[in-house]
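Student: Below are the chains, spelled out letter by letter.
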Amino acid sequence: MLDRRYYSRTTSEGLSVYVYEMPDKSSVSAQLAVGFGSSMVNVTDAGGKLRKLPAGTAHFLEHKLFERNGEDAFSLFAGLGASSNAYTTFNRTTFVFRSGIEYEEPLKVLLDFFSEPQFTQKGVEKEKPIIADEIRMYLDDPGWRASFNLFRNLYRNVGINEDIAGDLDSIRMIDRRLLADCFDSFYRPENMALTIAGNVRHETVFEIAEAFVPGNRAAPVFAICPAEEPDTIFGNSCSEKMTVSLPLFDIGFKEAALREPGSIRKELLLDMVLDLIAGESTEFFREMYDGNLISDSFGSGFYSGEDYLCTYFEGDSLSPEAVRDCLLERISGLRKSGFDPELFDERVRTSVGSYISIFDNPGSVAGSLMSCHFKKASLYDIIQLVGDPDINEAEELLRNCFDPARCCLSVIAPNS
Amino acid sequence: MDAVFGGRQMVFTDRISDNITFSWADFRYKRERLVIELNCRLSRETMTGISLLSYVLSSGTDSLRDIVSLSRYLDRLYGASLYVSSSRYGSRMIIHFDIDNVSGLYLTQKDNGIRCAQLLCDVISDPYLPEGSFSCDTVEVEKEKLREEISFLINNKEAYCTRMLLRKFFGDSDRGLPELGFEEDIPGITSEWLYSLYKECLRSCNINIFYCGNEKEEVKALVESMITGKRLGSEAVVFDDRPVMLPESPFSVQESVGTEQDIFSMIYHTGKRAGPKELASLKIANSILGGMSTSRLFMNVREKQGLCYSCVSNRMTAGGSGILIESSTSPEKYSRNREAIEEEFSRFASEGPGEEELRQAKLSITNSLRGVTDTVAGVSSHYLASINGVGFYTEPEKEIELIDAVTSEDVTALLREMRFCGVYRLHDE
Numbered sequence: 001m002l003d004r005r006y007y008s009r010t011t012s013e014g015l016s017v018y019v020y021e022m023p024d025k026s027s028v029s030a031q032l033a034v035g036f037g038s039s040m041v042n043v044t045d046a047g048g049k050l051r052k053l054p055a056g057t058a059h060f061l062e063h064k065l066f067e068r069n070g071e072d073a074f075s076l077f078a079g080l081g082a083s084s085n086a087y088t089t090f091n092r093t094t095f096v097f098r099s100g101i102e103y104e105e106p107l108k109v110l111l112d113f114f115s116e117p118q119f120t121q122k123g124v125e126k127e128k129p130i131i132a133d134e135i136r137m138y139l140d141d142p143g144w145r146a147s148f149n150l151f152r153n154l155y156r157n158v159g160i161n162e163d164i165a166g167d168l169d170s171i172r173m174i175d176r177r178l179l180a181d182c183f184d185s186f187y188r189p190e191n192m193a194l195t196i197a198g199n200v201r202h203e204t205v206f207e208i209a210e211a212f213v214p215g216n217r218a219a220p221v222f223a224i225c226p227a228e229e230p231d232t233i234f235g236n237s238c239s240e241k242m243t244v245s246l247p248l249f250d251i252g253f254k255e256a257a258l259r260e261p262g263s264i265r266k267e268l269l270l271d272m273v274l275d276l277i278a279g280e281s282t283e284f285f286r287e288m289y290d291g292n293l294i295s296d297s298f299g300s301g302f303y304s305g306e307d308y309l310c311t312y313f314e315g316d317s318l319s320p321e322a323v324r325d326c327l328l329e330r331i332s333g334l335r336k337s338g339f340d341p342e343l344f345d346e347r348v349r350t351s352v353g354s355y356i357s358i359f360d361n362p363g364s365v366a367g368s369l370m371s372c373h374f375k376k377a378s379l380y381d382i383i384q385l386v387g388d389p390d391i392n393e394a395e396e397l398l399r400n401c402f403d404p405a406r407c408c409l410s411v412i413a414p415n416s
Numbered sequence: 001m002d003a004v005f006g007g008r009q010m011v012f013t014d015r016i017s018d019n020i021t022f023s024w025a026d027f028r029y030k031r032e033r034l035v036i037e038l039n040c041r042l043s044r045e046t047m048t049g050i051s052l053l054s055y056v057l058s059s060g061t062d063s064l065r066d067i068v069s070l071s072r073y074l075d076r077l078y079g080a081s082l083y084v085s086s087s088r089y090g091s092r093m094i095i096h097f098d099i100d101n102v103s104g105l106y107l108t109q110k111d112n113g114i115r116c117a118q119l120l121c122d123v124i125s126d127p128y129l130p131e132g133s134f135s136c137d138t139v140e141v142e143k144e145k146l147r148e149e150i151s152f153l154i155n156n157k158e159a160y161c162t163r164m165l166l167r168k169f170f171g172d173s174d175r176g177l178p179e180l181g182f183e184e185d186i187p188g189i190t191s192e193w194l195y196s197l198y199k200e201c202l203r204s205c206n207i208n209i210f211y212c213g214n215e216k217e218e219v220k221a222l223v224e225s226m227i228t229g230k231r232l233g234s235e236a237v238v239f240d241d242r243p244v245m246l247p248e249s250p251f252s253v254q255e256s257v258g259t260e261q262d263i264f265s266m267i268y269h270t271g272k273r274a275g276p277k278e279l280a281s282l283k284i285a286n287s288i289l290g291g292m293s294t295s296r297l298f299m300n301v302r303e304k305q306g307l308c309y310s311c312v313s314n315r316m317t318a319g320g321s322g323i324l325i326e327s328s329t330s331p332e333k334y335s336r337n338r339e340a341i342e343e344e345f346s347r348f349a350s351e352g353p354g355e356e357e358l359r360q361a362k363l364s365i366t367n368s369l370r371g372v373t374d375t376v377a378g379v380s381s382h383y384l385a386s387i388n389g390v391g392f393y394t395e396p397e398k399e400i401e402l403i404d405a406v407t408s409e410d411v412t413a414l415l416r417e418m419r420f421c422g423v424y425r426l427h428d429e
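Chains as they are written, first to last, in this note's numbering: chain A, 1 to 416; chain B, 1 to 429.
Do not rely on the hints blindly, as some may be mistaken.
[As the list claims (entries may be wrong)] Here are a few chain B residues that face chain A, going by a calculated C-beta distance under 8 Å:
| hint | residue |
| --- | --- |
| 1 | D75 |
| 2 | W193 |
| 3 | R203 |
| 4 | N300 |
| 5 | E355 |
[What the hints assert, rightly or not] The calculated EDC-like cross-link candidates involving lysine to aspartate or glutamate, where the alpha carbons are at most 20 Å apart (straight line), are:
| hint | chain 1 | residue 1 | chain 2 | residue 2 |
| --- | --- | --- | --- | --- |
| 6 | B | K145 | A | E127 |
| 7 | B | K110 | A | E127 |
| 8 | A | K126 | B | D111 |
| 9 | B | K220 | B | D111 |
| 10 | B | K304 | A | E127 |
The set of hints was computed from the structure by calculation and includes no laboratory data.
Every residue, glycine too, gets a C-beta built ideally from N, C-alpha and C.
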């Protein structure tokens, strides 16, 4: 499926570029991402001194970068018939556009945003009330609050314990100088990648990318310093009241971070392990569902970064404590019995199906290429794993994760 | 059903009978999709039951009798996704059966698509019926899930606010009935009543089938055989799709739910149904007002005046052409934010779109329409949203022609026909 369509190159400035040609498509999706996310708040400055950036700095920078000479990025892309967006996650900041087959000019605009960023204090101050409203908007989201209450109980030093957009106090501390220093430090070609998929030609993309000259010629001011995080957690339960109909819960486990090479293999296996514990294809799910402990909103997942790995199960329930207890019992039982090989093989088929499906959609391909880049893997690595997973390795992962002593239950309860 | 063709045809339709159509799209994807929709009558008495049916029917078939057996079978079909849902469109209640899966072209299991189509047919026509009716245990479990789902609507405040606005706007008409039904009706539902309701839905309905996959002839034969064998849709239904009566004066409702922000939704409406040309104007009007990241609401209310983070508009076709505006802001800015939105709308209606914003909106919409054919989800969603939303389907290429032909005067005329009808606000007392 990948043959003769997938190209990668590093430009002379150090930008990694990945192209996937899909000549039968009518659209193009591109992503430009920077390895600077909201969790990366622990840094050392030029003098080697440890510093903590205000929560929400990466997100604030994302807002301000999509603006140039007072002109909004959205307008520039719209003028070229492309739609654009930007978002910040724990691990990176991503700028995207989607266009028709005329992608060359939007691509130049995307790269150009990082050539001459201009931060003014007036512009920074103008953005603060907008971000404050965004922060308040998330505070009205019970699922979001359950997650961040959980992270605060699991982590003390790792930056995922702070809201991605920061809080009303932390954004007050952000100024023009801080944003410029962060830009100079992190928005460097070697810390960025461009992925593009759809009706494109790799020669054209490489030529445009090669002309990209980053604006940050100054020496980096900060360097990311992965947090030293104790193994222990800081609370095994927490609860907050909001206007919700039923309690919402997040059950999280503080795991050892997947730092070693090959972590993408572990992440793909972890996805399967979570489904084999409590996915819809397990008898355990049915017992919980029929017993009215969970609804079909029940799900699982994980957050993974350089200095953290957090697995979680979430949903709504009249009795979140009972869900947690059942889950812990289920995991303990599976550790002894191992996974049902037939169920494992069936789950593998689902992974194969999901993997093939990526290649229908330019947006999915561009996103997958980006994930692979930041995990130092290639799409070929995923093919290999999807086609040849190891049940023993999955069981080893099960044994090493989900420690009840590092588990926290976060609940958002109805306020009346 | 009308179809407006032009340019390269993407979707083709065979009429199986007066009230049953089979439509298919050219297949050039890795995923396939089969959708079968039963368009049933909407009434106060049956809508809770129809909502519950989607839960019960997705929990198993006669050969896969519970949710686990069904889920494991879907895994064996390489992660096929099966959905059964119900939704209200105008005066219709649609029960939507949907499976999408990887094509056997890319698998060692070459008949994957046929197996998936067979499963969807089984879900519709061969449910698990111990003692001649739905399983009492399953119905009781799913009743509780539906009750929770209804009460859960409050958790997503923005969506809840818009739902409440629309209920108020449509008032006592069928369109004003809550989409998931009534919590108070749930306890009285029995498995026997529910099964008889289902049989009635199967008998008296209009059926739209959509397929995009590599096995068109076999899938069509399979579905036709089910329809004939089970006499599905043997009685056609005529729906009343009259436009909505606009309220005499705008309403304003406030509800205290303890939110950090004031969340509100507003509605502007013509009270007139849209044809293909008006729909093109509506799409452009909405894009310029609040449907794009360069829209007037985003640029002027959020970026220039800093009155909120979120301020968007959506076009509305239920009961006629309309625009829904959703925003949220801190309580002290509510009044200024709302006034600014109303001013933007008034200015837009009075001045009409500028040349550049009209060009940008057209470019954005036409590029989206061209991208529709890139995925099976795009093709199928475009088709189904058209058929269900406005009652006719326009090929993307033809729609692009219609969009290109829209003038500034068309947009202005449409906006001037719209009346402000009301606002619904969530806040903290």
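Student: Each hint: holds or not?
Tutor: Each hint tested on the structure:
1. Residue-level restraint check for D75/B holds (minimum Cβ-Cβ distance to chain A is 4 Å; threshold 8 Å).
2. This hint is violated: W193/B has a C-beta 22 Å from the nearest C-beta of chain A, more than the 8 Å allowed.
3. Because the smallest distance between the Cβ of R203/B and any Cβ of chain A comes to about 29 Å, over 8 Å, the interface hint for this residue is violated.
4. Hint status for N300/B relative to chain A: violated, with the closest Cβ pair at about 12 Å, above 8 Å.
5. Given the 8 Å rule on beta carbons, the hint for E355/B is violated: about 12 Å separates it from the nearest Cβ of chain A.
6. For the given pair, K145/B sits about 43 Å from E127/A by alpha-carbon distance, which is inconsistent with the 20 Å threshold.
7. With a CA separation close to 55 Å, the supplied pair K110/B and E127/A exceeds the 20 Å bound.
8. For the given pair, K126/A sits about 59 Å from D111/B by alpha-carbon distance, which is inconsistent with the 20 Å threshold.
9. Between K220/B and D111/B the alpha-carbon distance is near 15 Å, which keeps this suggested pair within the 20 Å criterion.
10. Restraint check for K304/B and E127/A: satisfied, since their Cα atoms lie roughly 10 Å apart, inside the 20 Å limit.
When the structure is compared with the earlier hints, violations turn up for hints 2, 3, 4, 5, 6, 7 and 8 and for no others.
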